[in-house]
Amino acid sequence: DAGVIQSPRHEVTEMGQEVTLRCKPISGHNSLFWYRQTMMRGLELLIYFNNNVPIDDSGMPEDRFSAKMPNASFSTLKIQPSEPRDSAVYFCATTKVRDTGELFFGEGSRLTVL
Amino acid sequence: ILNVEQSPQSLHVQEGDSTNFTCSFPSSNFYALHWYRWETAKSPEALFVMTLNGDEKKKGRISATLNTKEGYSYLYIKGSQPEDSATYLCAFSPDNTDKLIFGTGTRLQVFP
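Residue numbers (the working numbering), protein chains in the order written: chain E, 20 to 133; chain F, 238 to 349.
Worth flagging that the hints you see were computed from the coordinates, not collected in a lab. For each residue, glycine too, the CB sits at the ideal point set by N, CA and C. Be careful, since some hints might not be right.
Here are some chain E residues pointing at chain F (derived, C-beta under 7 Å) [stated by the list, open to error]:
no., residue
1, M58
2, G61
3, D82
4, F84
5, E126
Over the 10 Å line for every Cβ pair with chain F, so calculated as not near, a few chain E residues [what the hints assert, rightly or not]:
no., residue
6, S26
7, M34
8, E37
9, I45
10, S50
11, N69
12, R83
13, P89
14, Q99
15, R104
Please put together the full structure from these sequences, using the hints given.
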């Protein structure tokens, strides 16, 4: 299995631009999580989906952030407009719903907003 | 607010030393406690998932215990090696959601 695939691995953009991060989960995993990693807060849960349905988006910082999962094999996290304080590493992780199994993480997308 | 706390924040030990870290989590509405190992420039990888009070799990020189009644878990590394250098994260899953809430981690550095 290819594992969780995230793209892009690195993105540098200017303040105000739209940023779209992508995630392809492991086949058969029906629970998908978006986390943001910063030095100050560690891994923060932004949103998670079960069976393509958003279950809890209480961690999404503000309206500039949105996430979608149009099908079982693809999810996006969008920031519009981006701000310098959004600079972080964004991780996608997947697992099977309520399996008590571990999360499998992608390699992360490092975002820098200038 | 569900808070997961880890201590110490960082640890420096000599090769061969044994060490342990603590994870504290809410003792009510417990579902599962995870431990992850996170090496620099890589992604977190699962070490253990524990669900039962009193659970003990072991993988090589690394082991973990769980006390759900008082809300803590310990991770032990016996005879630390330089390759054990990493950040060790714990994560708590409450009973009524599928959320996994991470602590900020313990950064371990093992010197040869």
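Hints versus structure:
Of the supplied interface hints, the one on E:M58 is violated, with its beta-carbon coming no nearer than about 9 Å to a beta-carbon of chain F, more than 7 Å. Against a cut-off of 7 Å between C-beta atoms, the interface hint on E:G61 holds, since the closest Cβ of chain F lies about 4 Å away. At a threshold of 7 Å, the smallest CB-CB gap from E:D82 to chain F is about 21 Å, leaving the interface hint violated. Hint on E:F84 is violated. Least Cβ distance to chain F is approximately 17 Å, over the 7 Å limit.
Proximity of E:E126 to chain F holds as hinted, the smallest CB-CB distance being about 5 Å (cut-off 7 Å). For E:S26, the shortest C-beta to C-beta distance to chain F comes to about 14 Å, beyond the 10 Å cut-off, and the non-interface label holds. For E:M34, the requirement that its beta carbon stay farther than 10 Å from each beta carbon of chain F is met, with the minimum near 27 Å. Distance check for E:E37 against chain F: the nearest CB is about 26 Å away, which clears 10 Å, and the non-interface claim stands.
At roughly 13 Å from the closest C-beta of chain F, the C-beta of E:I45 stays outside 10 Å, upholding its exclusion from the interface. A Cβ of chain F approaches the Cβ of E:S50 within 10 Å, the least distance being about 6 Å, so the stated non-interface status is violated. For E:N69, the non-interface assignment is contradicted: its Cβ lies about 6 Å from the closest Cβ of chain F, within the 10 Å cut-off. For E:R83, the condition that its CB be more than 10 Å from all CB atoms of chain F holds, with the nearest at approximately 22 Å.
At roughly 20 Å, the least C-beta separation between E:P89 and chain F is larger than 10 Å, which holds for a residue marked as non-interface. At roughly 25 Å from the closest C-beta of chain F, the C-beta of E:Q99 stays outside 10 Å, upholding its exclusion from the interface. Every C-beta of chain F lies more than 10 Å from that of E:R104, the closest at about 19 Å, which supports listing it as non-interface.
Checked against the numbered hints above, the structure breaks hints 1, 3, 4, 10, 11 and satisfies the rest.
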